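*Asks:* The lines below spell out each chain.
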Amino acid sequence: MKLLTSILSAKQFDRDSLLELYQLASSLEETLKTKRKLKLLDGYILASLFFEASTRTRLSFETAMHRLGGQVITAVGVQFSSLSKGESLFDTLKMIESYADVCVIRHPSQGASELAAKNISVPVINGGDGAGEHPTQALLDFYTIEKKLQLSKNKLKISFIGDNKFGRTIHSLVVLLQHFDVHLHFVNPSELSLPKKYKKILTTANVQFSESENLQTVKDSDVLYMTRIQEERFIDRSLFDRVKDSFKINLDFVEKCKKGVIVMHPLPRLSEVHSELDNSKQAVYFEQAKNGVYVRMAILLKLLKITF
Amino acid sequence: MKLLTSILSAKQFDRDSLLELYQLASSLEETLKTKRKLKLLDGYILASLFFEASTRTRLSFETAMHRLGGQVITAVGVQFSSLSKGESLFDTLKMIESYADVCVIRHPSQGASELAAKNISVPVINGGDGAGEHPTQALLDFYTIEKKLQLSKNKLKISFIGDNKFGRTIHSLVVLLQHFDVHLHFVNPSELSLPKKYKKILTTANVQFSESENLQTVKDSDVLYMTRIQEERFIDRSLFDRVKDSFKINLDFVEKCKKGVIVMHPLPRLSEVHSELDNSKQAVYFEQAKNGVYVRMAILLKLLKITF
Amino acid sequence: MKLLTSILSAKQFDRDSLLELYQLASSLEETLKTKRKLKLLDGYILASLFFEASTRTRLSFETAMHRLGGQVITAVGVQFSSLSKGESLFDTLKMIESYADVCVIRHPSQGASELAAKNISVPVINGGDGAGEHPTQALLDFYTIEKKLQLSKNKLKISFIGDNKFGRTIHSLVVLLQHFDVHLHFVNPSELSLPKKYKKILTTANVQFSESENLQTVKDSDVLYMTRIQEERFIDRSLFDRVKDSFKINLDFVEKCKKGVIVMHPLPRLSEVHSELDNSKQAVYFEQAKNGVYVRMAILLKLLKITF
Numbered sequence: 106m107k108l109l110t111s112i113l114s115a116k117q118f119d120r121d122s123l124l125e126l127y128q129l130a131s132s133l134e135e136t137l138k139t140k141r142k143l144k145l146l147d148g149y150i151l152a153s154l155f156f157e158a159s160t161r162t163r164l165s166f167e168t169a170m171h172r173l174g175g176q177v178i179t180a181v182g183v184q185f186s187s188l189s190k191g192e193s194l195f196d197t198l199k200m201i202e203s204y205a206d207v208c209v210i211r212h213p214s215q216g217a218s219e220l221a222a223k224n225i226s227v228p229v230i231n232g233g234d235g236a237g238e239h240p241t242q243a244l245l246d247f248y249t250i251e252k253k254l255q256l257s258k259n260k261l262k263i264s265f266i267g268d269n270k271f272g273r274t275i276h277s278l279v280v281l282l283q284h285f286d287v288h289l290h291f292v293n294p295s296e297l298s299l300p301k302k303y304k305k306i307l308t309t310a311n312v313q314f315s316e317s318e319n320l321q322t323v324k325d326s327d328v329l330y331m332t333r334i335q336e337e338r339f340i341d342r343s344l345f346d347r348v349k350d351s352f353k354i355n356l357d358f359v360e361k362c363k364k365g366v367i368v369m370h371p372l373p374r375l376s377e378v379h380s381e382l383d384n385s386k387q388a389v390y391f392e393q394a395k396n397g398v399y400v401r402m403a404i405l406l407k408l409l410k411i412t413f
Numbered sequence: 106m107k108l109l110t111s112i113l114s115a116k117q118f119d120r121d122s123l124l125e126l127y128q129l130a131s132s133l134e135e136t137l138k139t140k141r142k143l144k145l146l147d148g149y150i151l152a153s154l155f156f157e158a159s160t161r162t163r164l165s166f167e168t169a170m171h172r173l174g175g176q177v178i179t180a181v182g183v184q185f186s187s188l189s190k191g192e193s194l195f196d197t198l199k200m201i202e203s204y205a206d207v208c209v210i211r212h213p214s215q216g217a218s219e220l221a222a223k224n225i226s227v228p229v230i231n232g233g234d235g236a237g238e239h240p241t242q243a244l245l246d247f248y249t250i251e252k253k254l255q256l257s258k259n260k261l262k263i264s265f266i267g268d269n270k271f272g273r274t275i276h277s278l279v280v281l282l283q284h285f286d287v288h289l290h291f292v293n294p295s296e297l298s299l300p301k302k303y304k305k306i307l308t309t310a311n312v313q314f315s316e317s318e319n320l321q322t323v324k325d326s327d328v329l330y331m332t333r334i335q336e337e338r339f340i341d342r343s344l345f346d347r348v349k350d351s352f353k354i355n356l357d358f359v360e361k362c363k364k365g366v367i368v369m370h371p372l373p374r375l376s377e378v379h380s381e382l383d384n385s386k387q388a389v390y391f392e393q394a395k396n397g398v399y400v401r402m403a404i405l406l407k408l409l410k411i412t413f
Numbered sequence: 106m107k108l109l110t111s112i113l114s115a116k117q118f119d120r121d122s123l124l125e126l127y128q129l130a131s132s133l134e135e136t137l138k139t140k141r142k143l144k145l146l147d148g149y150i151l152a153s154l155f156f157e158a159s160t161r162t163r164l165s166f167e168t169a170m171h172r173l174g175g176q177v178i179t180a181v182g183v184q185f186s187s188l189s190k191g192e193s194l195f196d197t198l199k200m201i202e203s204y205a206d207v208c209v210i211r212h213p214s215q216g217a218s219e220l221a222a223k224n225i226s227v228p229v230i231n232g233g234d235g236a237g238e239h240p241t242q243a244l245l246d247f248y249t250i251e252k253k254l255q256l257s258k259n260k261l262k263i264s265f266i267g268d269n270k271f272g273r274t275i276h277s278l279v280v281l282l283q284h285f286d287v288h289l290h291f292v293n294p295s296e297l298s299l300p301k302k303y304k305k306i307l308t309t310a311n312v313q314f315s316e317s318e319n320l321q322t323v324k325d326s327d328v329l330y331m332t333r334i335q336e337e338r339f340i341d342r343s344l345f346d347r348v349k350d351s352f353k354i355n356l357d358f359v360e361k362c363k364k365g366v367i368v369m370h371p372l373p374r375l376s377e378v379h380s381e382l383d384n385s386k387q388a389v390y391f392e393q394a395k396n397g398v399y400v401r402m403a404i405l406l407k408l409l410k411i412t413f
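Chains as they are written, first to last, in our numbering: chain A, 106 to 413; chain G, 106 to 413; chain C, 106 to 413.
Calculated from the structure, these hints are not laboratory results. Every value quoted in this text rests on a predicted model; they were computed, and no experiment measured them. Please note that a few of the clues may not be correct.
Note that identical chains are pooled: a pair holds if it fits in a single copy or bridges any two copies.
What the hints assert, rightly or not - With a Cα cut of at most 25 Å, we get these calculated SDA-like pairs of lysine to any residue:
id : residue 1 : residue 2
1  : K252      : S298
2  : K301      : A236
3  : K407      : S114
4  : K190      : R141
5  : K190      : A158
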């Protein structure tokens, strides 16, 4: 893998570096079956700075750090009082290098992590930046697909169902998937289709992709990647009412899909995946969340240049 | 003790399991006089999830975990943003098993901890659930009474003064005390008397109990267990004004009580226990809070099946 | 150094104890160049209680504790729910001694830390108390000046520019500087001049000091200690508009100052120090923040009577 100094975007990864990260995360997962904690990051401090709350992502990183023997300092949302006093984001972020050896930043504004990475001397992980990216979510999604269906060896049809316009986890994942032999299929109301910018990336990389508003077109998929459709995305609320039930799946639907299909979701979910699916073999969204810990452990080790 | 998988209710405990927990907590207290930290839970992670803030209970658990050598991940109140996005409590709780080895949950809704315990693979501790229970508070109250007055060997008169209707710590403690030779005496405005459900438990267990609105009836008690009376509990506020000063104690009052009486309070207190009592021998409410750490250490060890 | 039991005020320090603390912090800084963590406070718990948020100060203390091998329990602002239920500050603070071995308290009311120190059995550090003091900020400021310019060996002119009336970090620092051979120069709008109480301290200690409203008078200074001027301090807002730009510095200004001048700022800053200064040799405000970790490590060791 190229030496990573920060993880800001899915665009930093190529096929080899993805497979290398997979191997490392997989070894860590295996090791954690018999050990609760490694000592690799003993003495290291992670600054976990969530300018907007995201409990799942935050706790995933903090657990990853603890499982590696490191320590964590945390601030969430309303605790960033200096910003309300008019301090620049630059100054707020600058303090990190005084306190921590690595940091993860979640911020509502696109580019916040990049601003940090350019100006502070410790590795920065983008934990989601507004309309921007959420690369570590994409990495754990990739990890889940590779682990479940051997993405690197098989041609897979992966369907993205729901909001493909605003779903930043989808955008980051699409960028990763361009390095594999896939057919990406986007199913959404026409108002919520994948932005041109990402279609262009796929075209340039010669990745097969297709679009539909018809949920039936996903039945031959290997992966159903579900996202929630938010009412506030629609200017015309009556339109929302017309489409909202067209992109939901339940157990009956999934049982009529291709054998071995897996259902993924970045969470939180609303009703787009019926809870009756939760205990089915097809549902991997809770396991997906768990994989986040192994992948983030691997990321922390890579950034801090610690060999496992 | 029966193998505990979660601690949801005071009803899970019988006399033997209470005394066994007492022994363990007592040994831990003794050990902490010469050591600051054990390594028994090195590598374990506690998820400390307080959907409503309760700084005292939360810090007590977190200290207990640290004193056992473990680590903690925390989320409090406003940080649970996914719920405001419409995520189900089930999904929010489900994430815990990806991150932690044991969890404590404080939630405003009765049954929240039970929901977690049924659906996740790690032990759950109920840190207080709305109108439901607060079993670990009851356990530390029991510990305090046993330590101070040898509840298991003596017949004690224990008086509960204040709000016996809504005080969930009282309800949980009453359930524990049914296993001992006690006389429980409830002193409160008639609007705030112990719910029938708990009287029935006492009747069934053949526990002697009595009620009064007259504070003078507690003078022969071994324990005065005080709770605050909240104005918002009264539909008729003028009634509150009439009764509010009738259930308060001060140093003069306590000195006229039985020799050796102890004054307990789950905290926070308002004016029902005069601060002039704070440094008296009778006041054990601050020590009671301290006992919470030993009892919670014992609970963590029991749930994680670690021998001390 | 006299045995410190708590750090509440800059007034507790004399010249010798300051230099002794400097030596300790300096050794710690040196050691951290090759080690990330010491084990001196293994098993100790710091309660980090910020009744008002101050992310910088809080994370600085928490990092200091982690670098010494200790653990941290934290509560910030809105999490102190018991106070809103009417609990006294005394009761809230009293809980600390049940949970922690040392604590840092930030509170909007002057005297809060002192109240804690008088009533609990563990050392208390004042992390800033309203209009009161912020002694650890003053100690890290002192550390920075001594390290950069050898305050103890040279006569320095130190100029305080901005709000000398309400700047509690200035007040605490002025109290420390009385023990050295300095010329203190205060430059501020007349509404924001140093309170008489501090001038009296300087007079009594025979410290040379002067005042001006003219920024040009600082050009021969060794230190420019900048603070922000807050609009809300002015009853007459039009006055604020007249003075607000008179106490700002930029790169051009600093280059015309004495060779070797250093620019300090307790942060957060607004526009009083132009960001073009950030990468200059003169700007030490980010390094100043970093020094906070070493100084707070030294403070923790001193209070816990642990030899390094």
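*Asks:* Now look at each hint and say whether the structure bears it out.
*Replies:* Now for the hints, and whether the structure bears them out:
1. K252 to S298: neither (28 Å within a copy, 59 Å between copies)
2. K301 to A236: Within one copy only: 15 Å inside a chain, 53 Å across chains, cut-off 25 Å.
3. K407 to S114: within (15 Å within a copy, 44 Å between copies)
4. K190 to R141: Cα proximity of K190 and R141: none, with 42 Å in one copy and 33 Å across.
5. K190 to A158: Result: close both inside a copy and across copies, 20 Å intra and 12 Å inter.
Violated hints, in rising order: 1, 4; the structure is consistent with all others.
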